[in-house]
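K.L.:
Chain by chain, the residues run as shown.
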Amino acid sequence: MVKLKKIGNSLYELPKEPPMLVKGIAFIDDSMAAESETNDALVQLRNVACLPGVKGFVAAMPDIHYGYGFPIGGVAATEVENGVISPGGVGYDINCGVRAIKTRFLKMDVQDRMRELLTVLYNHIPVGVGSKGNIVLSKKEERKVAELGALWAVKNGFGEEIDLDYCEDNGRFDGVDFDNVSEKARVRGREQLGTLGAGNHFIEICYVAEVFQPDVARVFNINEGQVLVFLHTGSRGFGYQICDDYLAQMRNKKLFELPDPQLTSVYIGDRIGAAYLSAMKAAANYAWANRQIITHLIRESFESVFRTSYKSLGMQVLYDVTHNIARFEPHVVEGKEVLVCVHRKGATRSFPEGSPDVPVSYRTVGQPVLIPGDMGRSSYILKGEAGSMNKSFGSTCHGAGRVLSRRKAIKVAQGRNIDTELSKKGILVLSKSHRTLKEEMPDAYKDVSRIVQIVEDNGLASRVAHLKPLGVIKG
Amino acid sequence: MSSYSLIDHTADLRVVIEAENKRELFHEAVKALFFMLTDKTMEEIDLRSRYISRRVINIAYNNIDDALIDFLNQLVFFVDTEQILPYDARIQIKKNKVHSRVFFLTDYNNLLQREIKAATFHNFKIEESEEGFKTAITFDI
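Same order as they appear, the protein sequences are chains A and B. Our numbering applies: residue 1 is where the first sequence begins, and numbers increase by one. Our numbering applies: residue 1 is where the second sequence begins, and numbers increase by one.
Isolated chain B (complex conformation) (with noise of 0.2 Å):
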């Protein structure tokens, strides 16, 4: 079962990501994000009313935990830059390479409540168990 919820960073926001693998993994940080910036879950948006637009993001790794961040960023950069929400997204990882589905909502300025500047590599590390993978992300805002 995955999950993400936030924790207390004095000055900016931390948030525990639980997922029963990978892909669930950044899934979950899609959903995480549109959390912080919004004030609100997915579930609590009525799609039907909404206007909707799609990005691919397509990231070749070395390193699992870099793509997360990389992952993130690239979202950050598009609420920033074409003034869209991400909310959901459809993952395929394979042979390290990240391929991404994105959905963003475009009602922007009457959905978000908060500037996030980056997803930061602060004490980051993404964490294999039996259980599936677990991290924590500080965002600066």
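Only chain A is shown next, with the shape it has when bound in the complex (with noise of 0.2 Å):
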């Protein structure tokens, strides 16, 4: 068992002890402190507390749970000059993240056409296992999607360079050096680029069914009983591989022991630390492109059963968050402001209002961070608050975070259909594969009502409006 000292609302500490480097921030309750499943995932933080180099503290989200390597749900800063990256703390699906689009349509405009919208974004966004995009690309354009990202999107018809400004970093890292993607990186990525992938990958018809902050509501532009479409996906093929191929060289190189393998690292520094990191922002990219892609044709989905523009339906980008990445941030430890490389596994970037990281328009709120829950109950627009710099290294939660494994989801759901359960509750529910409606069905998540009121109550982002679904796409 982890040692924990509660040391304040839903406040835990993994207090410092051999190998730790630094101590761990828990975010979580005292429910979920008892569990053994918490427990499982904060032995891994304290893992991730041996990393070199780590800086001030390592967090744990209140959506934490078991990964591999870093618990998903976890943050960890390291030191840029003696510190390490570590592709685990990334993940395989490298920028793996959320993008909410808004319309102008209120929920009783859209109830009566769901199932045709539905089907119409099923058949036109390819969902699921194995599936393929449309978008064939040459080895010329390939590179440019790796180097350009969202704005390669734009470039090539799917979208509007407004987009752009309401995506972190504009949907698109500087510094990748192509040469350091691999030939089974670039392979894997070539067809699945605008593909949605599998898994608790979604797309969501949702509603704003409460408001908690109307003055920052209106500054987001949104409004009680509006439609928004959530999307949920990364960087696929391109970006697994890319994990794999760094996890491998580092490997090779073992420069240091630590607890789990899976965290194997480099120093920031290394030559196959500084490849690695413009081969991740290779794939944050290319997951820009593809959410930036799929934007596009769900807006065209709109278009065709409501026979007028994107534009005309006010489906807007609200804003797009990363919760897979290594991030290089100015944040204050022990008193002095210092670069450091902030790696978000299963994390959302919470930026307060002022931030130089913001949109101008949002800038005197904070960002919007966007935690999509389960298919059954809730889904969260926050905005970042000023806590979250010194207490989490400017982050929140992601998700709502698995409470049940899959195997244990599908022995639970034996017997009952889950699309009619959901179809009761007035959510209709298209997917490929049954199985995953069973391993995804909302018993198998924490409320997140439960999460956002934690990282609330502790200053790290506040509630601005509460979102219930009308529609879910699965892969």
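Simulated from the structure, these hints should not be mistaken for lab results. Heads up, a few of these hints could be off.
[To be verified] Computed cross-link-like contacts, SDA-like style, restricted to lysine to any residue with a CA-CA straight-line distance of at most 20 Å:
hint	chain 1	residue 1	chain 2	residue 2
1	B	125	A	422
2	B	22	B	103
3	A	253	B	123
4	A	253	B	103
Nothing here was measured: the structure is a model prediction, and the numbers come from that model.
Hints in hand, dock the two standalone chains.
P.N.:
What follows is the structure in structure tokens.
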């Protein structure tokens, strides 16, 4: 069992003890702290606290659950000079993230058209295991996708430049050297651009059930009853292969012993570290391009159903967040501002008002933080709060967090019809696979309302709007 | 006697593999991967009505642990890019080299149930005892 000391409301400390180099902070409530599942994930957080050059503390978000190497919902910042980069701290799905697209519709406008709308989306967007995209890239264009990210998509007719203003980092990391991307990664990504993927990736049509901060909602231009579309996907096989390639290279180097081989790392200044960061940025750009292309396909689907342009349907991007990334950011650690490499593995950036990284039009309130829950209950739009900057390296939760393993979920779903259960709640679901529906059923997740309450209580982010699902497409 | 069994993992899939020797360990890992991808054992598949493809995978290694993860990730690469499903293999291991001939089913769309991103190194180690070899592998899905 990990040693846990309660230090506040929904706040625990993992005291620093060998071989940890820093303490851990867990934003969890008392019942989570008592669960063996949480304990297993906190063991992983304790391992992360052993990474060379880790600064200040490592943090667990309330949606923490057991992953591989890093826990999902884990945050760690490492020194640039003497710290490491850990591909396991980013994950295989580099820049997996969430995008929210606004519409001018109210719930009542789309409710009766939901089956038609979902069917068009489902047929227009490649979803599910083994799906291929409709975009054929030349080798030259592959390089451009990796270098330009969402901008490549816009330049090629998928959306418009204003969309980029509402993506973290404008949907593009500079500093990509495509030569650091293996041929295998290129091949793996070649036919997957513009595909949703499978597992927990989804498109959800939802509506604003409640607004908590009307002033902020006005800045985000969202209102009670308004329909939005949430999109969750990442860098597909391109990112998976880059993570795999560099873990293998770093293991060959074997610079230091770590409690878990999946935490294999190299110093940021190491040749392999620099190459990984460049390739990771390429994968992040691929993911931004992917979400931009799917945004375009979503808009086309709405245009086809409602027979008018997406602009007249008010389909502007609210925001695009990443929750699997390593990013260089200045943070105050032990009273001094230092540049650190923040690893967010299943954690979302949560920058407050005034941050230069927040889009100009949102800068008076802070960045939107998009938190999908499960397909039967709720999702949330939060805003970044100043507390995140000194408590969690500018981070907050990324979702509800699994509570049941996939095998247990299937056992719990035995004899139940998840589509029918959801349909009785007014939620229409289309999925390639019944298995996925069972694995992803609402009972498999913690209640996201409980998760966002904890981040709000701790000043990491605050609730702006509560959303409820109307229709979901699962891969 | 070789075997594999899935054990609980909150977000991903974890499989325990036991075998009398290293060669069987690799072979059993192929069978386990097929089961995770399709929800079927290879014994459940009627091979007479299936198209089969073969690939040769050779790996030189310093560390057998890394070789097994590399081998599995090469199979995952074929699944993702060529849309073929590994179900059986002939394995030889000699002088720090794995020589394998892997058999794939081409009936991908009808059989594939789950996307696998990668075999991970999470808490991974091949353990040797008097009974043979044992390991547990976590797959990111």
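K.L.:
Assess, step by step, whether the Cα of residue 253(A) is no farther than 20 Å from the Cα of residue 123(B), and give holds or violated.
P.N.:
holds (18 Å)
K.L.:
Mind checking the alpha carbons of residue 253(A) and residue 103(B) for me, to see if they're no more than 20 Å apart?
P.N.:
violated (33 Å)
K.L.:
Need the status of pair residue 22(B), residue 103(B): alpha-carbon distance at most 20 Å?
P.N.:
holds (19 Å)
K.L.:
Keeping to a limit of 20 Å between CA atoms, is the pair of residue 125(B) and residue 422(A) held or broken?
P.N.:
violated (42 Å)
Checked against the numbered hints listed earlier, the structure breaks hints 1, 4; every other hint is satisfied.
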